[in-house]
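Listed below, chain by chain, are the residues.
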Amino acid sequence: MSRAVLPRRTRPAAVAAALLAVLAGCAPAGSSSSGTPSASGAAPSSAGAVASGTAPGGECAKGSLKLRRAGTFTVATDNPVYEPWFVDNKPANGKGFESAVAYAVAGKLGFTPAEVTWTTASFSAVIAPGPKAFDVDVNEVSITPERRKGIDFSTGYYDVTQALLTVKGGRLAGAKGIADLKGARLGAQVGTTSYRTITDVIKPSGKPAVFNTNDDAKLALANGQIDGLVLDLPTALYEASGGDSVLKNGALVGQFENTGGTPEQFGIVLDLGSPLTACVSKAVDALRADGTLKRLEQTWLTASAGAPVLR
Amino acid sequence: MSDGPTAVSDDWTPSARELERAAYRRRRARRSLLVAAASTAGVTTLLAWALVSAPGWPRVRDSFLSWDAARRSLPDVAVGLWLNLRMFAVVAVAMLLLGLAVAVARQLPGPVFWPVRALATAYVDLFRGMPLLVLLYLVGFGVAGLRLQGVPASATVLGGVALTLSYSAYVAEVFRAGIESVHPAQRAAGRALGLTSGQTLRLVVLPQAVRRVVPPLLNDLASLIKDSGLVSVLGIPLDAVRYAQIWSAQLANFTPYVVAGALFMLVTIPLTRLTDALARRRGYLPQGAHL
Amino acid sequence: MTPGPPLLRVAGLRKAYRGGDAVLAGLDLDVAAHEVVVLVGASGSGKSTLLRCIDLLEPVDDGTIELDGREITDPRVDADAVRARLGMVFQSFNLFPHLTVLGNLTLAPRRVHGLPREQARERALAVLDRVGLAARAGAHPDELSGGQQQRVAIARALVNDPVLMLFDEVTSALDPELVGEVLDLVRDLRADGRTMIVATHEIGFARQVADRVCFLDGGRVLEQGPPAQVLGDPVHERTRRFLRRLPT
Numbered sequence: 001m002s003r004a005v006l007p008r009r010t011r012p013a014a015v016a017a018a019l020l021a022v023l024a025g026c027a028p029a030g031s032s033s034s035g036t037p038s039a040s041g042a043a044p045s046s047a048g049a050v051a052s053g054t055a056p057g058g059e060c061a062k063g064s065l066k067l068r069r070a071g072t073f074t075v076a077t078d079n080p081v082y083e084p085w086f087v088d089n090k091p092a093n094g095k096g097f098e099s100a101v102a103y104a105v106a107g108k109l110g111f112t113p114a115e116v117t118w119t120t121a122s123f124s125a126v127i128a129p130g131p132k133a134f135d136v137d138v139n140e141v142s143i144t145p146e147r148r149k150g151i152d153f154s155t156g157y158y159d160v161t162q163a164l165l166t167v168k169g170g171r172l173a174g175a176k177g178i179a180d181l182k183g184a185r186l187g188a189q190v191g192t193t194s195y196r197t198i199t200d201v202i203k204p205s206g207k208p209a210v211f212n213t214n215d216d217a218k219l220a221l222a223n224g225q226i227d228g229l230v231l232d233l234p235t236a237l238y239e240a241s242g243g244d245s246v247l248k249n250g251a252l253v254g255q256f257e258n259t260g261g262t263p264e265q266f267g268i269v270l271d272l273g274s275p276l277t278a279c280v281s282k283a284v285d286a287l288r289a290d291g292t293l294k295r296l297e298q299t300w301l302t303a304s305a306g307a308p309v310l311r
Numbered sequence: 312m313s314d315g316p317t318a319v320s321d322d323w324t325p326s327a328r329e330l331e332r333a334a335y336r337r338r339r340a341r342r343s344l345l346v347a348a349a350s351t352a353g354v355t356t357l358l359a360w361a362l363v364s365a366p367g368w369p370r371v372r373d374s375f376l377s378w379d380a381a382r383r384s385l386p387d388v389a390v391g392l393w394l395n396l397r398m399f400a401v402v403a404v405a406m407l408l409l410g411l412a413v414a415v416a417r418q419l420p421g422p423v424f425w426p427v428r429a430l431a432t433a434y435v436d437l438f439r440g441m442p443l444l445v446l447l448y449l450v451g452f453g454v455a456g457l458r459l460q461g462v463p464a465s466a467t468v469l470g471g472v473a474l475t476l477s478y479s480a481y482v483a484e485v486f487r488a489g490i491e492s493v494h495p496a497q498r499a500a501g502r503a504l505g506l507t508s509g510q511t512l513r514l515v516v517l518p519q520a521v522r523r524v525v526p527p528l529l530n531d532l533a534s535l536i537k538d539s540g541l542v543s544v545l546g547i548p549l550d551a552v553r554y555a556q557i558w559s560a561q562l563a564n565f566t567p568y569v570v571a572g573a574l575f576m577l578v579t580i581p582l583t584r585l586t587d588a589l590a591r592r593r594g595y596l597p598q599g600a601h602l
Numbered sequence: 603m604t605p606g607p608p609l610l611r612v613a614g615l616r617k618a619y620r621g622g623d624a625v626l627a628g629l630d631l632d633v634a635a636h637e638v639v640v641l642v643g644a645s646g647s648g649k650s651t652l653l654r655c656i657d658l659l660e661p662v663d664d665g666t667i668e669l670d671g672r673e674i675t676d677p678r679v680d681a682d683a684v685r686a687r688l689g690m691v692f693q694s695f696n697l698f699p700h701l702t703v704l705g706n707l708t709l710a711p712r713r714v715h716g717l718p719r720e721q722a723r724e725r726a727l728a729v730l731d732r733v734g735l736a737a738r739a740g741a742h743p744d745e746l747s748g749g750q751q752q753r754v755a756i757a758r759a760l761v762n763d764p765v766l767m768l769f770d771e772v773t774s775a776l777d778p779e780l781v782g783e784v785l786d787l788v789r790d791l792r793a794d795g796r797t798m799i800v801a802t803h804e805i806g807f808a809r810q811v812a813d814r815v816c817f818l819d820g821g822r823v824l825e826q827g828p829p830a831q832v833l834g835d836p837v838h839e840r841t842r843r844f845l846r847r848l849p850t
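Protein chains in written order, with our numbering: chain A, 1 to 311; chain B, 312 to 602; chain C, 603 to 850.
In short, the hints are calculated from the structure, not lab data.
None of these values were measured; they are calculated from a predicted model.
We treat Cβ as the ideally placed atom computed from N, Cα and C, and that holds for glycine.
Take the hints with a grain of salt, since some may be wrong.
[What the hints assert, rightly or not] Anything over 12 angstroms on all C-beta distances counts as not near chain C; from chain B, calculated: (1) Tyr335; (2) Thr355; (3) Val363; (4) Ala403; (5) Leu407; (6) Pro422; (7) Gly440; (8) Glu491; (9) Val493; (10) His494; (11) Gln497; (12) Tyr568.
[Stated by the list, open to error] To give a feel for the contact side, a few chain C residues facing chain B, derived at Cβ under 10 angstroms: (13) Leu658; (14) Arg678; (15) Ala683; (16) Arg685; (17) Ala686; (18) Gly689; (19) Pro699; (20) Val714; (21) Leu717; (22) Ala755; (23) Arg758; (24) Val765; (25) Glu771.
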C-alpha cells in the first residue's frame, strides 16, 4: 500500500516552506497606499516642497488635487459636534462657524457644496499614521509646534482665546483674576489646549478634571462636581447664553490672555505630508484677505468684546 | 502494623542496551531543540523583516515608538498608574467581600430565605448585564446629580462604587461556582460533627471553595487593574490611560498609549506570577497547576 | 437481650427518596447501651439511609427515633445538638482537606463543645495516640493512606465522646490490606464499651464484633439475633440467599 503521507523527517521542512510561502505572499505589495509618500517621517517642510511656490490655479486647480475620493472634497469632523461651530450636530447643513468655513474653503478650491462630503473622525483617527479616510479635518484643533510632527496644519482660520465658564451664583461667579481660581476645581475636555491653560496658566492647587466630551464636562459643572470649565471663548459665550439643554444657568467668568507672542489659532488638519496642505492654506489665506473669515465670525460667533479678562 | 511494601535496595548499573537507548534519546532531544530554536529564530526574523519593510513603517514607528514622546509623557502616565493601583487596591477588597456575601446569599437554603436568594440573583443579573461604562455614568453623574444629603459627589468615590458593584457581580458567580464545587459529603461530615449550618459554611465549605477559585479570581483581579482607570470618564481622577490620551492629543502621537500599555504589563505580569507562587506555596492551587 | 431501656429506639421509620420507592418501610430497631449492632443487607437495602436518618442528616417521612428516651425526630429539637452527641464515620472518610489531621480533630471540640484551644489539642492528641497516628498530627489528609485517613475519621468522631457511634461501610473504599487496621480499631472500641451501629459487608468481621446482627430487607429488619445464629443458621430463606451470594 503506497503511503501518500510525508515521511516524518521531512514534515517539519515542508511546514517551514509553507510558512515562508504564506509570509512572502503577505509581503507588502509596494506603496499601494495613495496619497502618502513612502519616505515619511521627514519634517513637513519637505512635504511643502512637493507643491510649493506655484501660482494658484496651477497646482491647486480642482482637477489636479489628489483627493481621497475623486470628484468630492471629503471633510471630517467629530461626533457629536457643538455650537457655535456646528449646528444640530449636522455638519452638512452649512450652519455654524466651522461648517461655514469648511464650505468656504471648498468653494475657494473649486468645489460646489454638493461636491463636499462629510465624514466622522475622532481625534485619534486624525493623528493615526496610515491612509486617512478624509482630505481635511475641521474640529477646533489648535496649531502647536509639537503636533506638527504628526499632522499637517493649514494656516490658522481663527484666533482662539480660552475662557472660563461657571454657573450663575457659583463659587467662581465673582472671580476677577487668576488668583481667585487657585483653590477651585476646574475641568476641561481631553485633548484640548484648554487643559493646558489650566495646568500652565491658571495652575490651581488641585488637579484638573478631564472629560471625554464637553457634554460630560457640562454635566459635571451642573452637578457641582467642578466649579468651572475652561473652554474656548466662543463656546463659552454660547453656553452662557442659556441655549444649552444640559447647562441651563451657565455664566461666563472671563477670558484668558494669550501668553506668548503668537495667538493660539485653529487650523485645518491634514495628513502629515499631504499634497493638499499648501492649497488648503492658500484657500484660507484668500478667505482672510477678502474678509470672508471676518464675516463668518460676525455671523456665527457672539461678540466677545465685552468679556472681562482674567489675569 | 504493616505500613506499605518492603523497600527495594540493590546495586544496579545500567546495561549496555540501556546506555545505547539513553544516548539515542539524548541525541534526538538535542536535535529537536536545535530545530525548534532555528525555526523560532527564522519565523521571528521573517516577521520582523515583514514589519520593517512595510511602506508605512517609518511613520508608524514615529507615531507609536517615538522616544521623545515616551520620555515626555512617562512622568504623567506613571502618576496616572499610581492612581490605577490605589483604586484597584480599594475596589479589589470591596469586591471580594461583597461578591462573597452575594454568593453566600444565593445559596442560603430553605423557603424562609427565598427573598434573599431572589435579591442576590437580581443583583448579579443587573450588574453583570449592565456595561461598566453605562454604570459609571449612571452612578458617577446620575447619583451625583441627585445631590442627596450625605451621599458623596466625589467622582473618585462614586467611580469606585460603580466599579465595585460591577465587579462584585462577576466575583459572586466565581465564588458560587467554588461553593457548589465542594462535595456535599463535606457538608454532611461537618453537620455530623454537630456544626451548625452557618459554621459548616464558614469552617468547612468556604475555605475549600475559596482555594478552588483562586485562578479565576486572579483573572478578575488582572482585569480590574486596567478597568480601574475607567473612572477617569467622570473627570477626576486621572488614570494612566487618560494621561496617555492627554499627551497623545498634545503631541499628535500614539506613543503615550504604548507607554501606558507597557507600564500596565510591567505591573500586572509580576503581580499575577507572585500571586501564583504564593497560592501554590500555601496549597491553594492543585498540585502541578500551571498558570 | 441486654437489660435496661434502650439507648436508641427506632419505631416505624419510613423513608423514600424523591421520585423513588420507599427505602425504609416501617423499620423498628432498638439498641441498648454498650451494645454493638451490625447491619447487613444487599445494596439499597437501606443501611446507609438508616444511619443517615439516625444522625438527622435526612428528614424522615414517618416514624420516630428516640435517643435516651427523647424523640429526636421532633422538629422542635435542636438537631445540631443531637448530632454533637452522635459520631458518624463515612465510607469515603470525608476528612477536611484544608485542615491538618490535628485541625480536623480539634474543629468540633472547639467550635461545637466550646473547649479552649489547648484542651482540645490535648484531647485530640490523646485520641490520635489511641488510634496509633499521633505521629501524623501535622500531616494533611492527602498525605495519608486510605486506612490512615479512615482511622483519623474514626478519631474525629471519637474525640467528641459520642454516646453512639455510627459506621457506614467504613472499609468498603479501602484496599484489602488496609481493611484490617480499621477493623482492629473498631474491635478495640467495642472492648472500651462503645455503643455502635456498624453497617458492613465484611461478614467475618461481623461475626467477631457484633453483639447482634440485623439483616435488612424490604425496608425492614427481616431477621436479627446473635451473629452465630443469623449468619450461621438464618431462619429466613431471603437471609440465606443473601449470605450465599457473599464471598466469605
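Here is how each hint holds up against the structure:
With a minimum CB-CB distance of about 38 angstroms to chain C, Tyr335 of chain B clears the 12 angstroms threshold, and the non-interface call stands. Residue-level check passed: Thr355 of chain B sits 43 angstroms from the nearest beta carbon of chain C, beyond 12 angstroms. Residue placement check: Val363 of chain B keeps its beta carbon more than 12 angstroms from all beta carbons of chain C (closest about 54 angstroms). Taking the minimum C-beta to C-beta distance to chain C, about 23 angstroms, the non-interface status of Ala403 of chain B holds against the 12 angstroms cut.
Listed as a non-interface residue, Leu407 of chain B keeps its Cβ farther than 12 angstroms from every Cβ of chain C; the least gap is roughly 18 angstroms. Interface exclusion of Pro422 of chain B from chain C stands, the closest Cβ pair being 14 angstroms apart, more than 12 angstroms. Look at Gly440 of chain B: its CB is around 34 angstroms from the nearest CB on chain C, clear of 12 angstroms, so calling it non-interface holds up. Residue placement check: Glu491 of chain B keeps its beta carbon more than 12 angstroms from all beta carbons of chain C (closest about 17 angstroms).
Not every C-beta of chain C lies more than 12 angstroms from that of Val493 of chain B, the closest at about 10 angstroms, which undercuts listing it as non-interface. With a cut of 12 angstroms on Cβ distances, His494 of chain B falls inside the contact zone with chain C, its closest approach being about 8 angstroms. At roughly 6 angstroms from the closest C-beta of chain C, the C-beta of Gln497 of chain B falls inside 12 angstroms, breaking its exclusion from the interface. For Tyr568 of chain B, the requirement that its beta carbon stay farther than 12 angstroms from each beta carbon of chain C is met, with the minimum near 44 angstroms.
A hinted interface residue such as Leu658 of chain C counts as satisfied when its beta carbon comes closer than 10 angstroms to some beta carbon of chain B; here the least separation is about 8 angstroms, so the hint holds. A least Cβ separation of about 16 angstroms between Arg678 of chain C and chain B goes past the 10 angstroms threshold, and the interface hint is therefore violated. Taking 10 angstroms as the C-beta cut-off, the interface hint given for Ala683 of chain C holds, the closest approach to chain B being about 7 angstroms. Given the 10 angstroms rule on beta carbons, the hint for Arg685 of chain C holds: about 5 angstroms separates it from the nearest Cβ of chain B.
Interface restraint check: Ala686 of chain C against chain B, minimum CB-CB distance 3 angstroms, threshold 10 angstroms, status holds. About 8 angstroms separates the beta-carbon of Gly689 of chain C from the nearest beta-carbon of chain B, less than 10 angstroms, and the hint is met. Hint on Pro699 of chain C holds. Least Cβ distance to chain B is approximately 7 angstroms, under the 10 angstroms limit. Here the hint on Val714 of chain C is kept, as its CB sits about 4 angstroms from the closest CB of chain B, short of 10 angstroms.
A distance limit of 10 angstroms between C-beta atoms decides the matter here; for Leu717 of chain C the minimum to chain B is near 13 angstroms, and the interface restraint is violated. For the restraint placing Ala755 of chain C at the interface with chain B, the shortest Cβ-Cβ distance is roughly 8 angstroms, inside the 10 angstroms limit, so the hint holds. The interface hint given for Arg758 of chain C holds, since its Cβ lies 7 angstroms from the closest Cβ of chain B, which is under the 10 angstroms cut-off. Contact between Val765 of chain C and chain B, as hinted, is not supported at the beta carbon level, the nearest pair being about 12 angstroms apart and thus beyond 10 angstroms.
Interface hint at Glu771 of chain C: violated, since its Cβ lies 13 angstroms from the closest Cβ of chain B, which is beyond the 10 angstroms cut-off.
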